[in-house]
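If you're matching them up, the sequences are chains F and V in order. Numbering of the first sequence is given in the working numbering, commencing with residue 1 and proceeding in unit increments. Numbering of the second sequence is given in the working numbering, commencing with residue 560 and proceeding in unit increments.
Since the hints were derived computationally from the structure, they do not count as laboratory data. Please note that a few of the clues may not be correct.
[As the list claims (entries may be wrong)] Take a look, some chain V residues computed to stay more than 12 Å from chain F by CB distance:
#1 Cys-589
#2 Val-653
#3 Asp-673
#4 Asp-702
#5 Gly-776
#6 Arg-835
#7 Ser-846
#8 Leu-882
#9 Ala-897
#10 Pro-956
#11 Val-978
#12 Gly-1004
#13 Arg-1092
[What the hints assert, rightly or not] Below, a list of computed lysine to any residue pairs in the SDA-like style, where the Cα atoms sit at most 25 Å apart:
#14 Lys-1085/V - Gly-79/F
#15 Lys-620/V - Gly-79/F
#16 Lys-838/V - Lys-620/V
Just so it is clear, the structure is predicted and the values come from calculations on it, not from any experiment. Every residue gets a Cβ at the ideal spot worked out from N, C-alpha and C, and that includes glycine.
There are 2 protein chains.
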Amino acid sequence: MTTANKVTKTIVVVGGVAGGASAATRARRCDESAHIVLFEKDEHISFANCGLPYYIGGEIKDRAKLLITTPEQVAQRFGIEVHTQREVMSIDRVRKVVTVLNRETGETSEQAYDKLILAPGASPIVPPGPRAANVFTLRNLHDTDMLKSALDALAAREGDEPRRAVVVGAGFIGLEMVEQLHHKGFEVQLVEKAGQVLPPLDAEMARLVEEELGRRGVRLYLGDGVLGLTMKDGLATEIRLESGLSLAADLFILGMGVRPNTQLAEAAGLTLGPSRGVKVDEHMRTSDPDVYAVGDVVEVLHGVAHTPLRVPLAGIANRAGRLAGGHCVGENPERAPAALGTAIVRVFGVIAACTGLSEAQAARMGKPCATVYVEGGSHASYYPGAQSLLLKVLFHPETGALLGAQAVGGEGVDKRIDVVATALHFGGTVRDLAQIDLAYAPPFGSAKDPLHMAAFAACNQLDGLVRFVPPTTNLDGAQIVDVRDPHELVHAALSGAVNIPLDHLRERLAELDPSRPTVVVCRSGKRGYLGARILSQRGFEDVAVLTGGMVARRLVTAG
Amino acid sequence: MTTANKVTKTIVVVGGVAGGASAATRARRCDESAHIVLFEKDEHISFANCGLPYYIGGEIKDRAKLLITTPEQVAQRFGIEVHTQREVMSIDRVRKVVTVLNRETGETSEQAYDKLILAPGASPIVPPGPRAANVFTLRNLHDTDMLKSALDALAAREGDEPRRAVVVGAGFIGLEMVEQLHHKGFEVQLVEKAGQVLPPLDAEMARLVEEELGRRGVRLYLGDGVLGLTMKDGLATEIRLESGLSLAADLFILGMGVRPNTQLAEAAGLTLGPSRGVKVDEHMRTSDPDVYAVGDVVEVLHGVAHTPLRVPLAGIANRAGRLAGGHCVGENPERAPAALGTAIVRVFGVIAACTGLSEAQAARMGKPCATVYVEGGSHASYYPGAQSLLLKVLFHPETGALLGAQAVGGEGVDKRIDVVATALHFGGTVRDLAQIDLAYAPPFGSAKDPLHMAAFAACNQLDGLVRFVPPTTNLDGAQIVDVRDPHELVHAALSGAVNIPLDHLRERLAELDPSRPTVVVCRSGKRGYLGARILSQRGFEDVAVLTGGMVARRLVTAG
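Kindly produce the complete structure, drawing on both the sequences and the hints.
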């Protein structure tokens, strides 16, 4: 694989941040002789975009930390021509030339390419209407600087009047901004069009995040869309919602998602996919084999849905850039991995993460999906400091194939989700998950990790030992057997339930009717399973267990 | 799978702690009608054996926390006959009867079985000679109580004289005890027969743990075996080592590993395997299909070595117990997973973990093995609080199949090892590892995680882009190019190296001889790779990179 006798190729990369810098530097590592040109329309080719909220909130104190690399460093180390403030306006795929606007001088010029890599990223979605000086999106360092100075100005404002902010959009960035604004002393109101925060998670799991927001005094407006802003003297004073509410604030932040910047690709006649991202093959090539696309502008194959989806996440963009950069100089046999949509966010004291499909996504796709919930500890319960987490594992009800997982709680949420993501990569099943030999010592896990416990439960269902019903199940007409101890019922009791503590179930069977459909409940589902095993082997014909017990039941019925 | 019409079976379980209680309770969950009898020769059938050091050291304050479940609770909840202080003395496999000694009365009796599950665990290895009252092993609660009261008595001793302890054996339990003794104010001396602590890890990775022990003032005696104890008035005063040294102490703790309790199985004519553990099939059945064995007494198939090995770890014992318990009543189609030897230990401020094979193990087995080292952060470097870790990934040099991984450092070591363990479960390769869509947000990881970086490096080697040589490589005669910046050389410079900072390498090529075998070095290997790419594409014929750079080099040459 020596490249010594290669003909010099010109590689042109459009956009640095969303995978472009990764592509350009990888092309250089693979081909020392290539002529590599990177055009970036802004001033930075690489910055820590996921770190912006933490800089604004002051957790990251030094702005320089956000600059991962400078144009000068990339030019020097990699021998790449880096041009900032240059916007690629059009692609002539016949002549293999791009037209570039110099945003400083207004002049245009042409640059020929042998291979072209498009990494133009995505742009924040904003509501229609005029922009105000106190309405912000958060996509780049310019946005960041504007927002931070507005916050600092408000913080310096005299008087005791509370500083108020509205955040629109309760996705990852929206929630990170809510936390940081709260740290800065703002009263925060959060508006989300969906009926829940964190739409990639199922509603009941997201509820745990909503409760944490509530504990911190954040006001939630869920299931409410934005109509527009009320302006006064060039500043927004209120945001008007579809419900008729108007929320007044000093500052408005829009985190309503992003739209892929496909204009350039579309104008050049490149094919878009069903999700309206640029369609690419397993080497990140567009419909023109000399043109690659990476990052938030493309759609990627979802490893569980088996359909192309847009997954605008940093890790995927970075790794795709690396692949395209290697492939375009002929040095990379690797194929683009399927994306799993693995994501994580910290919201005050709660961590929420997911991988694969949610139950709601599976339902929309018509995919059969069974679920189990486990409440577990970050490590062995007998060792101090264990933090609890609620884990939901989704699997195919017949094959046991893993479909996804969600976890919300304390420490160790990231580890559990990464293990499931790894298993999903390999197309694993819940039987695999039950077997994985994970690292265990008291400060780090349990001999039977929450992942194992969830997998055991799923395997029991596959093997016909138990039938779990979801926490949303309508229990009207069922014989409900609550096997908790009486003192536990103080917190939450189901109306109509018969309470027989698990340890006395065998001796009190006569109090129950074996011919009635029966649902066994407990706190988290574990004792319910034990109770159901007793009943189903002692003549009860139709026995189910409420998975996740009252812990999950409370979440689906709350709010 | 209804069990309503089953003939009642008698299941006899021998030993509770090492997987036996798991087996007995699983048998009950699967078969409500079975007659289940558990014999335990000690008083506890289930306790947190991995928590004992932390209770002794005071991190776990309440002894009751160690008792996961009591005989009474198991009897009540699961309808299991639990007999403690009963030792099974022999098995008559023809009559299907065990003989049981009541250790309280000295009487023996017989118990018939349909299925027998052996979980007798393992016993600590101790040196020959008389036992002294101040020499301890740590295997059960009795050991724990003895040791704790001895420690408390020493702590209460009057005077300023230092309290001294010797720990023999630098495996997981030995190291945990060293930490706890140090917390208790002891001067600790640690003796290990191998030339390193933590023999499951490779020596250079274990060196990071040795350095931490040194920083805490623990005196290490590596590569030194125990000859015996010097006794006075029934107490040990000194331990005599093969080197001729004698170490005096108030207290001696032996953590020299365990020997499987195979006596009962051997006497009954059950087959032992090559590792001298009881041989079992994928359902944990011994050579007699009516006799199962689980836990530290058996050998398990190692998922990477593909040979049977003894892996005396709690998680494996627990999960094997569950399998055997289900299978013996005919309700469990699951198969025993291969073990990966995944393990983790915290030693003061350092966490060390491993999965799969070490390089030394692979060498002993004659397995081809390539390695890469990556120094990485627990999360994005721009977000505060990232802790560093050194990750070593082992893979097959042609196929890229993962063989194992080791990590030593701060937070997040457990997560990385668990991800590799999961990939090993599926027989994954470094190409898989490069692709896994892990959860990323600044407090939790990096867009290119250290796992990805290690996998990228390994893939680059597989693709012929680079040749890594191990940190142990003899560099005599090679042209050594150190691409670090001059200020970095203050800490560690290789004699004979030419220093050309990476960013000036292209312009200073004339200072080097392209015909000489060349090794590129830097701090951790990343810039070395970039430098090697430049050289190998500009006429240098034989270029290698020192993997792990000076970070790893220092570890293999230190000590």
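The hints, checked one at a time:
With 12 Å as the threshold on Cβ separation, the claim that Cys-589/V sits away from chain F is violated: the shortest Cβ distance comes to roughly 7 Å. The claim that Val-653/V lies off the interface holds: its Cβ sits roughly 32 Å from the closest Cβ of chain F, which is beyond the 12 Å cut-off. Every CB of chain F lies more than 12 Å from the CB of Asp-673/V, the least distance being 18 Å, so the non-interface label holds. The beta carbon of Asp-702/V sits about 17 Å from the closest Cβ of chain F, which is more than 12 Å, so the claim that it is off the interface holds.
With a minimum CB-CB distance of about 22 Å to chain F, Gly-776/V clears the 12 Å threshold, and the non-interface call stands. The beta carbon of Arg-835/V sits about 22 Å from the closest Cβ of chain F, which is more than 12 Å, so the claim that it is off the interface holds. Here Ser-846/V stays apart from chain F, with its beta-carbon at least about 24 Å from theirs, past the 12 Å limit. Taking the minimum C-beta to C-beta distance to chain F, about 9 Å, the non-interface status of Leu-882/V is violated against the 12 Å cut.
At the 12 Å boundary, the C-beta of Ala-897/V falls inside the reach of chain F, the nearest C-beta of that chain being 8 Å off. Every CB of chain F is more than 12 Å from the CB of Pro-956/V (nearest about 16 Å), matching its label as outside the interface. The claim that Val-978/V lies off the interface is violated: its Cβ sits roughly 5 Å from the closest Cβ of chain F, which falls inside the 12 Å cut-off. At the 12 Å boundary, the C-beta of Gly-1004/V falls inside the reach of chain F, the nearest C-beta of that chain being 7 Å off.
Some Cβ of chain F comes within 12 Å of the Cβ of Arg-1092/V; the nearest lies about 5 Å off, and the non-interface call is violated. Straight-line distance between C-alpha atoms of Lys-1085/V and Gly-79/F comes to about 17 Å, which keeps the hinted pair within the 25 Å bound. For the proposed pair Lys-620/V and Gly-79/F, the alpha carbon gap of about 60 Å is over 25 Å, so the pair is violated. With a C-alpha separation of about 39 Å, the suggested pair Lys-838/V and Lys-620/V falls outside the 25 Å cut-off, and the hint is violated.
When each numbered hint is compared with the structure, violations occur for hints 1, 8, 9, 11, 12, 13, 15 and 16.
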